[in-house]
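Taken in order, these protein sequences are the chains called A and B.
Read left to right, the first sequence gives residues 1 to 277 (this note's numbering).
Read left to right, the second sequence gives residues 1 to 322 (this note's numbering).
Derived by calculation from the structure, the hints in this document are not laboratory data.
Hints may contain errors.
Keeping only pairs whose Cα atoms sit at most 30 Å apart, straight-line, the calculated DSS-like set for lysine-lysine is [unchecked claim]:
no., chain 1, residue 1, chain 2, residue 2
1, A, K238, A, K31
2, A, K212, B, K263
3, B, K108, B, K164
4, A, K212, B, K140
5, B, K24, B, K194
6, B, K108, B, K10
Here are a few chain B residues that sit away from chain A, every Cβ distance over 12 Å (derived from the structure) [claimed, not checked]:
no., residue
7, H31
8, I51
9, E85
10, E143
11, V195
Reference excerpt, derived from the structure (chain A facing chain B, CB under 8 Å, subset only) [stated by the list, open to error]:
no., residue
12, D39
13, W123
14, I135
For clarity, every value in this text was computed on a predicted model and none was experimentally measured.
We treat Cβ as the ideally placed atom computed from N, Cα and C, and that holds for glycine.
Residue-level listing of the chains:
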Amino acid sequence: MARLGSFDLHHRLAASLVTPEIEALVASIPKPIGSFGYDPWGYNEDSFKLGLGVARLLYDKYFRVTAHGLENIPAEGRALIVGNHSGQLPMDGVLVGVAAATNPHGPRLARAMIERFFPTVPWLGNYLNALGGVIGDPLNCAKMLDMDEAIIVFPEGVRGSGKLYRKRYQLQRFGNGFMHLAMTHRAPIVPVGIVGCEETMPALANLGPIAKLLGIPYLPIVPSLLPLPARVYLNFGKPMYFDPAASEDEVTAQVETVKAELRRLIQVGLDERTSLY
Amino acid sequence: MASRAPAAKKKTVLVTGAAGSLAKRVIARLHGRYHVIAVDFRRKVETDAGIPSYLVELHKRGFEDIFASHKIDAVIHIGRIFAHEKTRQQRYNANVLGCKRLLELCHKYKVGQVMIHSTYFVYGASAYNPALIDEDAPLKASEVTQDLVDSVELESLANIYLWKHPELNITILRPCNVLGPGVRNSMSILLSRKVAPVLLGFSPLMQFLHVDDMADAMVVAFEANRPGIYNVAPDDYVPYQEAVRQCGARRLPVLSVPPSLPKLVSSMLNWNAFFPPYLINYFKYPVILDGRRFRDTFGWRPRRNLNDIFTFYRKQKLVTSD
Numbered sequence: 001m002a003r004l005g006s007f008d009l010h011h012r013l014a015a016s017l018v019t020p021e022i023e024a025l026v027a028s029i030p031k032p033i034g035s036f037g038y039d040p041w042g043y044n045e046d047s048f049k050l051g052l053g054v055a056r057l058l059y060d061k062y063f064r065v066t067a068h069g070l071e072n073i074p075a076e077g078r079a080l081i082v083g084n085h086s087g088q089l090p091m092d093g094v095l096v097g098v099a100a101a102t103n104p105h106g107p108r109l110a111r112a113m114i115e116r117f118f119p120t121v122p123w124l125g126n127y128l129n130a131l132g133g134v135i136g137d138p139l140n141c142a143k144m145l146d147m148d149e150a151i152i153v154f155p156e157g158v159r160g161s162g163k164l165y166r167k168r169y170q171l172q173r174f175g176n177g178f179m180h181l182a183m184t185h186r187a188p189i190v191p192v193g194i195v196g197c198e199e200t201m202p203a204l205a206n207l208g209p210i211a212k213l214l215g216i217p218y219l220p221i222v223p224s225l226l227p228l229p230a231r232v233y234l235n236f237g238k239p240m241y242f243d244p245a246a247s248e249d250e251v252t253a254q255v256e257t258v259k260a261e262l263r264r265l266i267q268v269g270l271d272e273r274t275s276l277y
Numbered sequence: 001m002a003s004r005a006p007a008a009k010k011k012t013v014l015v016t017g018a019a020g021s022l023a024k025r026v027i028a029r030l031h032g033r034y035h036v037i038a039v040d041f042r043r044k045v046e047t048d049a050g051i052p053s054y055l056v057e058l059h060k061r062g063f064e065d066i067f068a069s070h071k072i073d074a075v076i077h078i079g080r081i082f083a084h085e086k087t088r089q090q091r092y093n094a095n096v097l098g099c100k101r102l103l104e105l106c107h108k109y110k111v112g113q114v115m116i117h118s119t120y121f122v123y124g125a126s127a128y129n130p131a132l133i134d135e136d137a138p139l140k141a142s143e144v145t146q147d148l149v150d151s152v153e154l155e156s157l158a159n160i161y162l163w164k165h166p167e168l169n170i171t172i173l174r175p176c177n178v179l180g181p182g183v184r185n186s187m188s189i190l191l192s193r194k195v196a197p198v199l200l201g202f203s204p205l206m207q208f209l210h211v212d213d214m215a216d217a218m219v220v221a222f223e224a225n226r227p228g229i230y231n232v233a234p235d236d237y238v239p240y241q242e243a244v245r246q247c248g249a250r251r252l253p254v255l256s257v258p259p260s261l262p263k264l265v266s267s268m269l270n271w272n273a274f275f276p277p278y279l280i281n282y283f284k285y286p287v288i289l290d291g292r293r294f295r296d297t298f299g300w301r302p303r304r305n306l307n308d309i310f311t312f313y314r315k316q317k318l319v320t321s322d
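One chain only, chain B, in its complex shape:
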């Protein structure tokens, strides 16, 4: 990636969610070749010299000031509130209204490129899902649960802008489960645990991507700038219960029938951070992405395999058990 020579004038890239592990890696990869501006709503991120860092909420005042005071050429929107972090209302405001505001500002200040980090959750986990889901498949997550409505709406918004304002050069990435050091999404928290709940009789296939590979993917796609919607996933698959074993966790079987029972168990035991009621279906039915379009368009391949990913979680448990 270092092969690409910086342009005469360095471009300015605003990265949201800068406190997260993925954004940190993306910033590290862009730093030097671009002027990077780091933004997060959680805290003011400690950054390397020369990277301005802001604590700001996207849907609040103050965000526009960043656009006014810097000539921003591109935006990489990673920042997202996970369902376990805030209430549904707060999440909707931050994720959907925040993204809408971001896109409006990009349009107003003539930003030339926008990359949006979405999620495979938008496809929804259903027994009727075919495998190797294409990018043009319907987004059925909101059919499954109200708690994923914000993910789907964020995508719809981005899609409207993608067609309405081609000059924004919007790229939407839908990665599979991203795992690795520092990652704090539900799946990563779950696999870090010594005991992980599993649904009796269900072990859906899953795809996992190392956070370093995802960061590489984002940078490759950012530099190539080929607007569109892309799944980001490897062509390797493993059942959830096998992944739990491989990560050195013990399986805690949860009765899966009737379907409302595991949701009830999850709410009663407050498993919201790692096995939330609204994600139960993703531990029951597979959502397998076809990642060929991204891999072929950008010539990207993950460099870390499943075993590399699982080894991190196994080792992590050995360290913490002492």
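If we strip away everything but chain A, and leave its shape as in the complex, we get:
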């Protein structure tokens, strides 16, 4: 009976999270899947609906996200959504994903790149894949762009997400990989300035040596283990197109253009923000 009870609860919970609106949104996302609802990377439509149901509540009620420039996310075709990374936990990726999936100008499944150790974690690895997460291998990105998917990229990586609060809204070093992908696969870069996620988990210090022992990228000292309910502002900029560069220096210069645009978009968000929480 207990089993039956929990089964029932699970279904009721699912029914309350996956609203007809979310059903309709996911149904309108242009995303080819196989006969059991999976794509080659393990994305599963049913899991995504459930995940979107939860994330939507966080987006609307908890972080009270204000998003501008959603029309800049192409309704179809390949795209790299490039943002500034912050907040220790990848809440920024989740929120950009919700913004893309619920975009009134055409909902998109925006794939998040996950850390390479996640697939080794039981349940979590499969679950993140089912939600659309993919390990950040350039080969995965290349195949996905070829198949006209939209990908969320944080070129700062853990340098951005793990930085201390005193360095908030300062872009850390960018890798050039995303620019090479954009050029080779002729994919537009949609920049997004993310404001607010720095305040969800302000890190005062990083216990680097202990993190190293534990095999994790960083271990911050934070006031709360749960993300704080900071208001989040997402500003999407116009798609940027780049021609193949002649040299690596030229690639770096192009990356700088993207960084400059991101700094501008972050400033737009900081200017419109009236209250942190």
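Guided by the hints, dock chain B onto chain A, whose structure is given.
Showing chain B alone in chain A's frame:
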């Protein structure tokens, strides 16, 4: 496929592993349009009239006599000892040395076309695998386990011959899991069982191909003769645990952490035929092939879907449970 008119003189095709379900189907498809010679190391295969059949081990004497007494135009090498059939040493001899001997004989007797049936296992199952693996990806199986070294070495050998002797017109096929009636590979034995082990918290995506589709693929590729290396896989994917359910089997959860535990369980319970220790990683991490190159080159598409494949295993269980 019957559209292709037989040449003035019928070609002679030697097919190895003739006792296996895949080779039987390939032989049936070639029979009539080609002179087929069936070879197997397990037993002398009962064949249709007009198909000479030999019991011979590839790496032993006697194999050359077949080449000497028939003018062989092409070889389709399917025969392989599975890991659960013999010891590692015997397997190495048969699979690697046998293949080397086969290629040497093909070269010596001027065989014009060689097709080699490899496996997706050569890519290795790792947490870091990207999905949609291309043919030029590194073969990392031997990194995972010593027990797959023979698969990788067989491929390396074939690759050397592919570049060194273009006149052999070597085609290497790397299929995903091939399933269906009569198939006796680990995955097929596993899905035929009423209870199938699964690793707690891991359900890697898999690709499955019906043995009839694989036979069609081999014949199409054989007739087109476009040498090279090809993955053979559909563009449909299903997690392993879902496949187990769909095949009407109950899942037996096995603790997956620490990683050595499921290997230990497998060895202790002697699950070598269907859930062997060296394949544990393939039940943990996905190895998803990009089959586009084969599909585009040969215009082949599988005609049976996942449900057709699973239905066979479901029905099989209904029959045997009575």
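Quick rundown of the hints versus the structure:
no.: 1; hint: A:K238 to A:K31; result: holds, 23 Å
no.: 2; hint: A:K212 to B:K263; result: holds, 29 Å
no.: 3; hint: B:K108 to B:K164; result: holds, 14 Å
no.: 4; hint: A:K212 to B:K140; result: holds, 27 Å
no.: 5; hint: B:K24 to B:K194; result: holds, 27 Å
no.: 6; hint: B:K108 to B:K10; result: holds, 21 Å
no.: 7; hint: H31; result: holds, 33 Å
no.: 8; hint: I51; result: holds, 37 Å
no.: 9; hint: E85; result: holds, 32 Å
no.: 10; hint: E143; result: holds, 15 Å
no.: 11; hint: V195; result: holds, 20 Å
no.: 12; hint: D39; result: holds, 7 Å
no.: 13; hint: W123; result: holds, 4 Å
no.: 14; hint: I135; result: holds, 7 Å
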